[in-house]
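Engineer: So the sequence lines, in the order shown, correspond to chains A and B. Position 119 (the first sequence) corresponds to 119 in UniProt numbering; numbering is contiguous. Position 59 (the second sequence) corresponds to 59 in UniProt numbering; numbering is contiguous.
Incorrect hints may have been included.
[What the hints assert, rightly or not] Footprint (simulated), chain B over chain A, 3 or more residues, beta carbon under 8 Å: (1) 211 to 219; (2) 226 to 238.
[Stated by the list, open to error] Pairs of lysine-lysine, BS3-like flavour, derived with a Cα cap of 27 Å: (3) B:K201 with A:K203; (4) B:K404 with A:K203; (5) B:K330 with A:K203; (6) B:K164 with B:K201.
Think of the hints as simulated: they come from the structure by calculation, not from any bench. We put the CB at the ideal spot given by N, CA and C, even for glycine.
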Amino acid sequence: MALTVDQCDTLLGILDIHSVRNYTLEALSNEVHKKFDTSEYFKVGTCIIMLLQNDLLPEAEQRLAAVTLLHELYRGESLANTPFANVFIHLLYPPEHQSNVGAPKLEYPGQLPRLSPSEKHFITQLISDIPKDALLKKTASQILNSDATPQTNIDFSSIQLTLAEKQSELPQICKTGIPTQKDDITVKKLVASDNAPVNRVYKPEFVTLAPPLLNCQDEPVWLNPTTPKEHTIAYDTTMCVPDMAGYEARQLMNKAYKSALSIPQQQQLLGELENDSKLVYHIGLTPSKLPDLVENNPLIAIEVLLKLMQSKQITEYFSVLVNMEMSLHSMEVVNRLTTTVDLPTEFVHLYISNCISTCETIKDSRIREAAALFRLLKQLESGELGLVASPTTNSKNKLDG
Amino acid sequence: SHFYIVNNQTNYLFQNIEATFLAANIEYLKGNFKESVKILTSIPNESFAYGEYGESSTLMFYNNMGVLHHAMGKPNLACHYVQMALKEDINISQNNAKKDNNERPLFTLGGSKYHELMYNLGISLLHTGRPSQAFDCLIIAVRRYHRNSLLWMRLAECCIMFHKETNETDFDIQRKQKELIIEVVGSKDKQKIVLTSNLSKDKKYSTESQSYAVPVPSLEFASLCLRNASLLIPSDTASPPVPLFLIPGVTPPAPPPSPSPSPSSPLSITGIATLRNSILIASAYVSLCLGDYILTLEYSKELLEQTRISGVHKLLAHLYAAESLVLLDKISEAVEYLNPENVKDISFEIPPDEEKSDESSIKTNPPPKWSPNSLASAHSVMQYNIAVAKTIRGQLDQAATLLKQIWQQRSSNCKVPAHIIMLVIYIELQLGHTDIARNLIRQYSFQHRISG
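Full structure from sequences and hints, please.
Structural biologist: And the structure:
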């Protein structure tokens with residue numbers, strides 16, 4: 001973040017007294033624009049300020065040229081947006097010079113040179129919004145020698161406000177001696193290095209104490225014997241052993257959904273269901289599988305349903321039965337159920353209605369007639385309480401006939 | 001086998017080695033460290049060999065001796081003992097690896113205490129002021145015990161200590177004097193003196209986009225450790241676990257999360273409060289150094305709201321809050337925090353809980369060490385920071401007077417911050433008194449030859 005040694009030399013060359021005396025401000029400005037890249041303008045400006053602060057430009061013309069160059073670096077932009085605006089304000093309104101009569105003169109770190117009225121006037125013109133072409137075509141000497149016209153009252157307070165800063169800063173360089181001549185070596189050391197002093201500031205520092213270590217009880221791990229040798233490992237030998245009885249029943253059930261079981265198979269399945277009253281809940285039967293079971297193995301279906309009569313799920317099974325497509329097997333199942341247990345009346349009514357409806361749609365005329373007869377019977381029935389004994393037996397006989 | 005221990009008051013007759021270890025444990029917890037050492041050393045060597053018993057009495061002996069010496073405030077000896085235990089553990093593991101798995105009894109598998117030992121070693125190393133080595137140990141322990149809030153806190157402390165070894169540098173006037181001037185440029189009449197841009201090296205503002213999660217002892221990693229520690233603080237609603245009756249079909253309510261500082265013992269209510277306070281203050285410090293001063297203010301305020309807080313933490317919370325308020329441009333508020341009346345003592349213990357006075361008094365913590373170690377020094381730090389705040393606000397004369405007062409208070413009991421000199425120089429320069437400033441620089445820096 002600093003100029004190189006060669007760049008320093010270039011800048012000092014432009015601000016050299018001979019250069020300043022012989023060229024117009026405009027020419028000097030153009031030279032700077034030619035020799036330095038836009039990205040380096042900030043570094044150039046910082047260097048110029050450092051030269052001014054440290055009285056490294058002995059002649060007034062050099063100072064005036066320097067200030068002009070500082071302004072011209074950012075020409076075209078409004079002053080408040082440029083980084084060095086503060087410098088111009090300080091030049092025009094410098095801090096107090098003398099505290100008391102007789103007391104030593106107050107010098108501030110980083111203070112800028114005091115300007116004569118004509119210099120101040122020039123700067124006022126420089127930073128205000130008036131066309132400057134004529135102004136810049138003069139040389140520094142010409143400006144200094146010109147009469148100072150009464151200072152026009154241009155108000156810079158808005159600029160001053162925008163420049164108000166929160167924290168105070170102090171340039172790091174503290175002067176002890178009074179330089180008599182421009183000192184090239186000093187300049188380069190101060191400006192051209194990685195951590196250039198010209199870029200560093202000192203701000204008042206707080207003391208930030210680090211906290212103490214945590215104050216904790218019983219933190220490290222105390223090791224006591226835990227006698228692992230005395231703890232014998234106890235294996236659970238029944239873990240992961242499959243449940244054989246239930247396993248076979250499940251296998252048979254799975255078969256029963258797809259095809260008729262053989263007599264021995266049926267007997268085995270029924271036997272196991274008989275032996276273990278809970279087994280019926282673990283054989284993987286769900287209401288959706290019931291129709292397949294009824295069609296393929298109605299006897300098994302009957303037994304299973306009888307065993308499930310006490311469970312909550314039975315209503316689901318009933319509704320499946322009711323909505324099943326009417327078939328010999330389904331009627332057989334329902335018939336057996338009615339003879340063995342008390343079925344809910346709504347279920348029976350619904351079932352009969354469905355059967356009648358189905359019969360009515362069958363093409364066979366005799367069945368249709370039978371269906372009509374039974375509809376009549378049913379209507380008569382619904383006026384009475386209870387059911388006529390074994391209506392399904394009758395309907396079955398009629399259909400067969 | 002029986003064996004006998006005699007001490008002044010009691011005869012211990014232990015029927016077995018397990019009881020001996022337990023007796024030593026009890027004495028440790030009561031704070032009778034020398035007694036505990038005596039009991040431990042009475043155990044015959046090699047009582048339990050690992051191959052036969054699944055645990056090594058030698059290893060346990062060395063480890064527990066390390067624990068005792070840590071509690072006695074001798075962390076270097078503690079490190080030595082724990083390292084011997086570690087050696088034993090590594091030997092055991094290597095021997096076991098050579099044997100065929102089928103030949104070994106089942107209970108000898110998985111009996112390594114490596115992570116516990118690394119934990120103990122890390123804590124002791126930290127207390128000897130070797131934060132980098134401590135960090136290396138603890139970072140291994142945390143792989144196994146990653147739900148231990150204490151352990152994450154200690155990791156953060158390693159990072160903090162690595163960043164700033166001790167606060168004594170802030171009071172080391174001689175050392176800071178040498179750092180006032182960076183270089184002198186030019187000679188004789190045309191000398192330029194370049195002053196330092198900061199005497200403290202505390203602040204680590206960085207604009208590099210490097211991940212915080214790299215496990216090195218950096219402040220960035222510390223901030224992550226502290227976040228973990230904070231999330232893992234055990235619950236302090238000390239109700240014992242309620243038995244869950246499982247009703248079929250009903251999902252039981254989830255128990256409140258309460259991580260335990262395993263492998264350390266569970267924390268008491270006081271322990272939890274102390275841990276929470278320490279995490280808060282460390283978080284405030286780390287965020288302040290990293291430039292995150294809004295968080296600093298939050299942490300400091302949260303700490304000051306706790307009902308039980310130690311004197312040291314109160315001091316630091318006020319200091320950090322003030323510094324962050326200045327950075328937030330609220331200088332009047334900051335000066336209020338820095339009033340020395342806010343800090344009446346710099347004790348390390350938190351006040352006892354009025355309601356629960358039956359808390360067991362386990363006293364095994366090593367004696368705390370910290371700088372500054374007098375109330376007067378602490379007050380001088382607060383007053384110095386007030387002077388800084390006033391300087392920034394522009395009240396240069398008031399600040400100068402205050403600094404003079406602080407400087408005159410200095411004594412063996414009252415250390416003052418070494419930054420005073422630099423601040424006085426700054427003020428004189430800002431007031432335009434270049435001569436006085438020059439004289440001060442000449443007077444207080446030895447290193448460079450200054451002309452005239």
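Engineer: None of the hints should be skipped; say for each whether it holds.
Structural biologist: Outcome of the hint check:
no. : hint               : verdict
1   : 211 to 219         : holds (count 9)
2   : 226 to 238         : holds (count 6)
3   : B:K201 with A:K203 : holds (14 Å)
4   : B:K404 with A:K203 : holds (19 Å)
5   : B:K330 with A:K203 : holds (17 Å)
6   : B:K164 with B:K201 : holds (8 Å)
Going down the numbered hints, you'll see the structure goes against none, and every one checks out.
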